[in-house]
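Protein chains in written order, with our numbering: chain B, 32 to 390; chain F, 42 to 435.
The list that follows gives simulated cross-link-like pairs (lysine-lysine, DSS-like), each with its CA atoms no further than 25 Å apart:
#1 B:Lys245 x F:Lys171
#2 F:Lys220 x B:Lys244
#3 B:Lys244 x F:Lys208
#4 F:Lys215 x B:Lys261
#5 B:Lys258 x F:Lys334
#6 B:Lys269 x F:Lys372
#7 B:Lys244 x F:Lys347
#8 F:Lys232 x F:Lys220
#9 F:Lys171 x B:Lys43
#10 F:Lys258 x B:Lys269
Calculated directly from the structure, the hints in this document are not laboratory data.
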Amino acid sequence: MAKCEANAKILKGFCKQMCPKNEFEFRRKNNLIHVLEKTCDGQVDASLCVKEFRRSAAGEKLSNPHHLRPSRILTQTIKYLIENIAFQKHNSSRLVYDFVFDRLRSVRQDAVIQQLSLTTPLVAMEILARCSRYYMYAHYRHLTNSKFVINKHINYTHLQDSLASLIGLYFDHDDVISNQMTSQHSRRVHMDMLALYLLINIDSQQTLLHVLKKVPEEWRHDSTFSKVIKLCLVNVNKNYYNMIRIIQDLATSSSCSGILKFALAIVLADAREEFLKTLCFSHHSKMTRFPLSVLSQWFYVNDVDDMKQFCSEHNLDLLLEDGDAVKLSKVQFKPGENFPLCPVIQQCNDFDLSNIISF
Amino acid sequence: MSAQAYLQQVNEALNNFDAERISKLLSFTDSHVSNPRLHLESPESICQRYIHITSYDEIFAAHIRGCWAFGRKDHAQMFACQLAALQSFVKALQADKDDNWALPIMYTLILDLRFIAGKVGDSKSDTFEKAADSIMSCFRVCGSDGRAAIEVSKKWGMLFLVNQLFKIYFRIGKLHLCKPLIRAIESSSIKDEFTLAQRVTYKYFVGRKAMFDSDYKQAEEYLTFAYTNCHRERRSNLRSILLYLIPVKMLLGQLPATNLLESHNLSQFVDVVTAVRSGNVCLLNSALQTNEKFFIQTGTYLILEKLRAITFRTLFRKVGQILETHLIPLKHFVTVLQAQGISDMDMDETECIVAGLIYAGSIRGYISHQHKTLVVSKVNAFPSVASNNSLSCQ
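Next comes chain B alone, as it looks inside the complex:
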């Protein structure tokens, strides 16, 4: 018999804790409580336990409503993970990251099983937005801090997936994102996440076109958002000089969020790399001599010493008589390996990181 039901039955969870009772009991009995789920003196505390991520397996029923956390608990769980766990000082940043990553994945899993994107899309958006921001933070941290070791590929995949789902939700619910009743703060968050999506996919024509088609007209007039669009458009023609100017403008702007600045730092690093390569090609000649002070300005680098280091890392000769200069040579140029820090991002390190994620 052909079934023509438009919607299958939607599951609703009613587990009132961050971790379902039976899972807590099982893990406690089998000594599987994570160190970050214990008190400072190593005691087991049920209220500190958070549901683990589990793959569906034979016999495993992931859809038991007693084990599913409803939206309110999921939101509380994320808040707890970000504000209490993610940035605490710990010997092993890897341990903390792995724990938070796993527990966030479980939150997303509960959200998917209960189809929150259909029933309470605003909550689904909030969950995806917070998770995306955490992955972005981890991605940036990993690139800039050799002690912060994560599986870059997996983290980046989750960043892309959660952002893509989030943007899909925004465009599926354009009544929400273009509604005049949406609070200023929420609108800021939506724009921020869309800008982040554009920046991490800056080389994708399809992404940029899709966003340009769907984005509400008013957003194009927002100062930060319009600059991010401009940056993407300027990237189409590989106008690195202009790109770096726009990044400099955004990075020094107070209305640009911390999480966007992380993404901008990565775009900047790639732009500098390609820019130097281009200049080595275009200025290559026997008598070539390019002043480092000018290059520092063009590349938005802290000072001339940083620029010297950058050039040396790319195997270029420095000419230090008669003023500091560099020999731009297409023959000598080698791709760099270190991720150079954007001057403003160093200030970002002083920000309250949990604020960046929690908005």
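Position chain F against the provided structure of chain B, taking the given hints into account.
Okay, now just chain F, sitting in the frame of chain B:
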């Protein structure tokens, strides 16, 4: 006509393997869908009574329920029913060994499915995704029909299915899903024997995909095939092809004639073409801004942005020709840009743009920063765009 009379017609058509008649009886463009006597909410038992061929009772039950939903203007329900009809059809198709008589029915069901999905609304992208999943099931059945003789093979349905999937994937912006389909068709032994209409549609979409992937030579090849072989009277199709062929050809150095643009109602491109031809960067900026909505809607905005490099190159070449020297002071480029009305480009940015053109191979020479001069080769300093492959690969 009563429901019984309708089902008797269905039965007769089924017994005669009359795919055309069955398609009509299943089509939402046929008048029978407005017949209130066919607006039955639960037609399963009556269908089972009259239709004795496996799966077809389910197909028609779903269709009649779809007619009921049509009467209530309930597009979501219509879609669910059409999906169910197609899913039942897949079972029938699979069971039909060594025969492809039912392919026309598949075409009708899928065309209607896509049409109804469009009515449900663009904003709910998972409607189209569900439609695509069902069409993929048909594709798998047709694609794996390896053992049947070619005259009765279901493989003949493949290009139709691929084209339908292309239409959906382009609409929902999931172009990466086109890749396995393209691979399947390219490796098919009958790829050049499908109808010309289907091949034109296929090449059009593959050409557009190549354009998005910045493979402009491929894009030109496919879109040119589509344009050359498209029926001359299908003006809107020709226009759709030109919409993408023109920017691609422009990037490869070939500018269209104004009368071509005007005869196909593509006047939005006129100023763009003039700007690129004469090296007028300011005109290019304004042309892109004026028709921004149109270019964004058609997906040509970014490829037209890329014409900026060619426009700069043409402008700088003119400066070089006027000065008749191979040592060109950069300040003249700044002057000429200011004369065009571009006041926000300083010497540094101009130098960097020239640097980019050198790197791309559009200018053969080097820049002396100390002397603020572009030193060009005495021979072929500004190679033609058509001959410069590296530009087309950016």
